[in-house]
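Q: These are the residues of each chain, in order.
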Amino acid sequence: MNDIVISTFAGAIRAGTPLLFATLGEILAERSGVLNLGLEGMMLMGAFTGFSISYITGNLWLAVLAAILVGGLMASLHAFMSITLRINQVVSGLALVFLGQGLSGFWGNAYVGMQANSFQNLKIPLLGDIPYIGPIVFNRDILVYIGYISVPVIWWFLYKTTAGMNLRAVGEAPDAADARGINVILTRYLYTIIGGFFSGLAGAYISLAYTPMWVQNMTAGRGWIAVALVIFAIWDPVIALIGAYAFGGISVLQFSFQILQVPIPVNIMNMFPYIFTVFVMLFASSNRIKKLFGAPSALGVPYSREEKT
Amino acid sequence: MKIKFEKKSTKPSKVSIFLSSLISILIALVFLGFIILSLGDDPFEAYWQLVSWAMGTVPGLIQSLVSMMPLLFTSLGVLIAFKMKLWNIGAEGQFQMGAFAATWGALYLFPNIHNPWVMIPLLMILGAAFGAFWGFLPGIMRAYLGVNEILSTLMLNYVAIYWVNYLTYGPWKGPGSYNFPITAKFPQSAILPQYGSGGLNFGIIISIIMAFFVLYLVKYTKFGFHLEIAGDNLRAGEYAGVNVKKLIILAMVIGGAISGIGGMAEMSGVLFRLQPNFSPGYGYTAVIIAWLARLDPIATIVVSFFFGVLLVGSQQLQLFMQIPSSLINAFNGILLFSLLASEVFMRYRIKVVRS
Amino acid sequence: MSEKILELKNISKSFSNLIANDGVDFDLKKGEVHALLGENGAGKTTLMNILYGIYKPDAGEIFLEGKKIDISSPRDAIENGIGMIQQHFSLVPSFSVVQNVALGLKELGIIPDLSKVRKRIVELSNRYKINVDPGAKIWQLSAGEQQRVEIIKLLYVKSKIMILDEPTAILTPQEAKGLFETIREMTANGASVIFISHKLKEVLEISDRVTVLRHGKVIGTVETKGSNENDLARMMVGRDVVLKIDKKPSHPSKPILKIENLHVIGDKGIEAVKGVSLEVKGGEILGIAGVEGNGQRELGEAIYGLRNYTGNIFINGSKVRSGDVLERIKNHVAYIPQDRKADALCGGLPVYKNLFIKAFSSPVFSFNPYLFYPEKLRKPAEKLVKEFSISTSSVDQEVKFLSGGNMQKVVLAREIESEPKLIIAVHPTRGLDVGAEEFVYNVLLAQKERGTAILLIAGDLYEIFNLSDRVGVLYEGQIIGYSEPDESHIEEIGLMMAGVKNEDKI
Numbered sequence: 229m230n231d232i233v234i235s236t237f238a239g240a241i242r243a244g245t246p247l248l249f250a251t252l253g254e255i256l257a258e259r260s261g262v263l264n265l266g267l268e269g270m271m272l273m274g275a276f277t278g279f280s281i282s283y284i285t286g287n288l289w290l291a292v293l294a295a296i297l298v299g300g301l302m303a304s305l306h307a308f309m310s311i312t313l314r315i316n317q318v319v320s321g322l323a324l325v326f327l328g329q330g331l332s333g334f335w336g337n338a339y340v341g342m343q344a345n346s347f348q349n350l351k352i353p354l355l356g357d358i359p360y361i362g363p364i365v366f367n368r369d370i371l372v373y374i375g376y377i378s379v380p381v382i383w384w385f386l387y388k389t390t391a392g393m394n395l396r397a398v399g400e401a402p403d404a405a406d407a408r409g410i411n412v413i414l415t416r417y418l419y420t421i422i423g424g425f426f427s428g429l430a431g432a433y434i435s436l437a438y439t440p441m442w443v444q445n446m447t448a449g450r451g452w453i454a455v456a457l458v459i460f461a462i463w464d465p466v467i468a469l470i471g472a473y474a475f476g477g478i479s480v481l482q483f484s485f486q487i488l489q490v491p492i493p494v495n496i497m498n499m500f501p502y503i504f505t506v507f508v509m510l511f512a513s514s515n516r517i518k519k520l521f522g523a524p525s526a527l528g529v530p531y532s533r534e535e536k537t
Numbered sequence: 042m043k044i045k046f047e048k049k050s051t052k053p054s055k056v057s058i059f060l061s062s063l064i065s066i067l068i069a070l071v072f073l074g075f076i077i078l079s080l081g082d083d084p085f086e087a088y089w090q091l092v093s094w095a096m097g098t099v100p101g102l103i104q105s106l107v108s109m110m111p112l113l114f115t116s117l118g119v120l121i122a123f124k125m126k127l128w129n130i131g132a133e134g135q136f137q138m139g140a141f142a143a144t145w146g147a148l149y150l151f152p153n154i155h156n157p158w159v160m161i162p163l164l165m166i167l168g169a170a171f172g173a174f175w176g177f178l179p180g181i182m183r184a185y186l187g188v189n190e191i192l193s194t195l196m197l198n199y200v201a202i203y204w205v206n207y208l209t210y211g212p213w214k215g216p217g218s219y220n221f222p223i224t225a226k227f228p229q230s231a232i233l234p235q236y237g238s239g240g241l242n243f244g245i246i247i248s249i250i251m252a253f254f255v256l257y258l259v260k261y262t263k264f265g266f267h268l269e270i271a272g273d274n275l276r277a278g279e280y281a282g283v284n285v286k287k288l289i290i291l292a293m294v295i296g297g298a299i300s301g302i303g304g305m306a307e308m309s310g311v312l313f314r315l316q317p318n319f320s321p322g323y324g325y326t327a328v329i330i331a332w333l334a335r336l337d338p339i340a341t342i343v344v345s346f347f348f349g350v351l352l353v354g355s356q357q358l359q360l361f362m363q364i365p366s367s368l369i370n371a372f373n374g375i376l377l378f379s380l381l382a383s384e385v386f387m388r389y390r391i392k393v394v395r396s
Numbered sequence: 086m087s088e089k090i091l092e093l094k095n096i097s098k099s100f101s102n103l104i105a106n107d108g109v110d111f112d113l114k115k116g117e118v119h120a121l122l123g124e125n126g127a128g129k130t131t132l133m134n135i136l137y138g139i140y141k142p143d144a145g146e147i148f149l150e151g152k153k154i155d156i157s158s159p160r161d162a163i164e165n166g167i168g169m170i171q172q173h174f175s176l177v178p179s180f181s182v183v184q185n186v187a188l189g190l191k192e193l194g195i196i197p198d199l200s201k202v203r204k205r206i207v208e209l210s211n212r213y214k215i216n217v218d219p220g221a222k223i224w225q226l227s228a229g230e231q232q233r234v235e236i237i238k239l240l241y242v243k244s245k246i247m248i249l250d251e252p253t254a255i256l257t258p259q260e261a262k263g264l265f266e267t268i269r270e271m272t273a274n275g276a277s278v279i280f281i282s283h284k285l286k287e288v289l290e291i292s293d294r295v296t297v298l299r300h301g302k303v304i305g306t307v308e309t310k311g312s313n314e315n316d317l318a319r320m321m322v323g324r325d326v327v328l329k330i331d332k333k334p335s336h337p338s339k340p341i342l343k344i345e346n347l348h349v350i351g352d353k354g355i356e357a358v359k360g361v362s363l364e365v366k367g368g369e370i371l372g373i374a375g376v377e378g379n380g381q382r383e384l385g386e387a388i389y390g391l392r393n394y395t396g397n398i399f400i401n402g403s404k405v406r407s408g409d410v411l412e413r414i415k416n417h418v419a420y421i422p423q424d425r426k427a428d429a430l431c432g433g434l435p436v437y438k439n440l441f442i443k444a445f446s447s448p449v450f451s452f453n454p455y456l457f458y459p460e461k462l463r464k465p466a467e468k469l470v471k472e473f474s475i476s477t478s479s480v481d482q483e484v485k486f487l488s489g490g491n492m493q494k495v496v497l498a499r500e501i502e503s504e505p506k507l508i509i510a511v512h513p514t515r516g517l518d519v520g521a522e523e524f525v526y527n528v529l530l531a532q533k534e535r536g537t538a539i540l541l542i543a544g545d546l547y548e549i550f551n552l553s554d555r556v557g558v559l560y561e562g563q564i565i566g567y568s569e570p571d572e573s574h575i576e577e578i579g580l581m582m583a584g585v586k587n588e589d590k591i
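Order-wise, the sequence lines are chains G, A and Y. When the letters of the first sequence are read in order and numbered with the working numbering, they come out as residues 229 to 537. When the letters of the second sequence are read in order and numbered with the working numbering, they come out as residues 42 to 396. When the letters of the third sequence are read in order and numbered with the working numbering, they come out as residues 86 to 591.
Extracted from the complex, chain G is given alone in its bound form:
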């Protein structure tokens, strides 16, 4: 029984880590006022790039770096489309998903069924020996630890630094930020691309640590769940952490259920994260809640100094 508890919680953290990265990145992008629905596409490209580079070079860190860069590259396409050309961010995000699915499927076809280097667990001395907590939290791979650290760092950045204050102002009142000499366009480009970096990292985690292999469309909608998680988290990195691990928990529940022989078919359990997402949105979507917690009110609205619509 203990083993199941530990493996469930550990699984929740592992499954939640890619969600966490993608959600954190999207929080930054959306805080600047850019809605990027293309997470699924960027994650897929990140997963594919990470896996293929690891396969070719055997160098994991190079693979992760490449995945991050590819995520950023795709995000910059979205940034150009939505910030400079000011086209509909919803459709541009969708196009990014198609592009990511297509390219990763096309180029990744050759890698299906291959083996590549992957991240191994790294026990942290002392902390890793704490009963329960140790094996769950402190005996994970290094990317999970990066996830832990990212949350307080981003929180501190958002609420305590000048740059974070500027970022929030740009997403909430771009004209006010502009009138105070903050470069709205540059800020939006920057954080959209940083958001892409995180999505690339999220993808790399899936193909290099979570299920170390390459499968077509292996992100399986996690990018979309991350978009929903941003709403759930009301654009706050700490709530994002809770949400991501909770979702991770739901998606690994099926393994624990199987061990416990709970008579629910796998395909029904596979629905849980998606149904849960819908339920979460039921509660997180009210405009009252969004206003109360400072949702970026200029989200999805392109900014132009001369043309106010």
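Keep in mind the hints are simulated off the structure, nothing from the lab. We treat Cβ as the ideally placed atom computed from N, Cα and C, and that holds for glycine. All clues stand as given, with none of them false.
Which residues of chain G face chain Y? A few of them, derived with a C-beta cut under 8 Å, are:
| no. | residue |
| --- | --- |
| 1 | Thr389 |
| 2 | Thr390 |
| 3 | Met393 |
| 4 | Ala405 |
| 5 | Ala407 |
| 6 | Arg408 |
A few chain G positions that, by computed beta-carbon distances, are all more than 12 Å from chain Y:
| no. | residue |
| --- | --- |
| 7 | Ile232 |
| 8 | Thr236 |
| 9 | Leu293 |
| 10 | Thr312 |
| 11 | Asn337 |
| 12 | Ser346 |
| 13 | Tyr417 |
| 14 | Leu418 |
| 15 | Met441 |
| 16 | Ile470 |
| 17 | Gln482 |
| 18 | Ser484 |
| 19 | Phe511 |
| 20 | Pro530 |
Following the hints, position chains A and Y against chain G.
A: Just chains A and Y, lined up with the frame of chain G:
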């Protein structure tokens, strides 16, 4: 140097819309060419393979028409919601629910109906009802709770797909399927009229009739007029006395019903049995088709056929050049980007300013 | 005479279809208040947006203290000591006052020391007697308080040149007096102020010189001392402005609109209308005065059914349901909202469709909902365009390309076409030039003659004086009192707008 956009003070003409769509396709093909090159294949040969059989031979054309049918249904389904600027990405799920409902009816609900004149309409209603229900859920959540319909429709797509998986791997696994996840074959009464052996079936005709019905609906009715008003400005819609909440739900329900009928037609007209992954993402491609057709139901017929050709052609590519068929997804993505960009060039005058 | 601190030479700027500034020259002396006077749409704000780096001029030069400077962004302007308070405030609603003042400051470093900023704010507010709570969040503040935050922002960075765009539009007459005192204090400390306005009286009161703009051109610059209201008005409009308004005495008939104890929740979740009761009779115009943000919008929307409420509303004697617009339209209620573009028009649709967006709601039409040819609307639309002299290239023109005045005419044409028994008009002339304003006034007065009941909710007291037969004052969601719509009562109305009741005075 700075790029500046100046809004043009007139609407783009029909000719310029058509030309820009054409140019978008060309640009997308150029980019796609480079991608094909990246695997060392010859893009020109690939393009030839893509269209030569699918458009140049009778069986190929028939195949393309057969592929057009689900695309047309789902595109018409999303088109109605798009008119109102509702991002219904749920055609895939609605389509799958329609297919599920048709299978349910044909194999389990009406085992004693042997008359196709009764059976087919029943299945169609069933498919429409379940598609509609799958549109109703995100519709009501959006109307009353403000739940983002993109996410809710997408999540419901996954739920529908796993539902079909569950049934075909489990309780509905057919006899004699050699343990493959596939249901039994539809009885003769549940099969749409077939013409020849190439797959031509009555469903294609229904889909084209449906396009004209949607044309009527969006252009010549109060419903369509209100869609147009609320699509342009939701608040102005409320101001004009339109029940916007009802309209949102209605648009999602009607769209879902059409996609659901599409799923039914795919079952009764083409596949005759339910299995996992029976749709190669028709409902997602539909988003691009509707956009490319600029939400015009008649143009949607043409564009759906074009994408039917691409789909059939991409299978040829895989067969003869071993080029992965997910290439089509990449093409869709690039095409959508170039379409969006062309939109900008039509609506704005672009100036390069030295500073 | 003191030296020129700023000079704008030959500034031109055009947008795709109109020339906003056409060879404008303008200068500012140290320590003066220079008013920029002109009608709505004359190009005042455009000119100042160029000075502040928001717009880039097509031609022209800017000289600061004799040196030519290049301003291509607000940052450049701020660095050159130029500050601007725009009509729509540049504040971040969820930020505190301190954070808003700190935003964009160069000296902040990586981690801002907000306590230092707070200390300076307190210093400044004491010195200039500007009352603000540095810890308050912007969204909690009234418009007047937000304006004070904007002033603190300018003072904080020691702006030498301060541009104020229509600053009194959101203030009570008394608050405006307070603002003027602050302005004088600032000029006494060496700042120079550009004061944008279209109100003659306040320009005469506060400024040292006046430059008048009309259709993007400078008509002239005069010393305020030697000038008067009539001269300025003639320069501003190009003709004598005796608004040809023919307000006839009212002959009220039976009550058309009756409201009992209306309570409405506003967008922030706080009660915005707190127990309003009123009555408007056929053939009379009831004006509702008040500083913006005291529940005007919510009141109008609740009566028209766009917002839920508690309490009772009767139209023509029968009770109507909360939140049911259709029922209002069926009862011949017309509504002219304050933000026509956002609330009453479909910018992307052609004029002819906009004129008939109530085709299936209004009782005067009977179209077949199952067979409807929008093309058939063209002819009647053309008739309306002519009747209301809407200036548009054709009825197929998208509404977003029309000028503000013509947009308002589209709204009016549509609302009048449905033979209203009650009109709710909220700020019906906002942003319109004198010609369009006159048109709106005459349409409303003609409707009154017809026996229509009109509820006019407006911020501009003169508009209310020009039109209404009675005037009530809305303060913090309540009708605080009634008065006569006459200039002689302006003091009394002003006090009520600030929350001082009639009885309190005595």
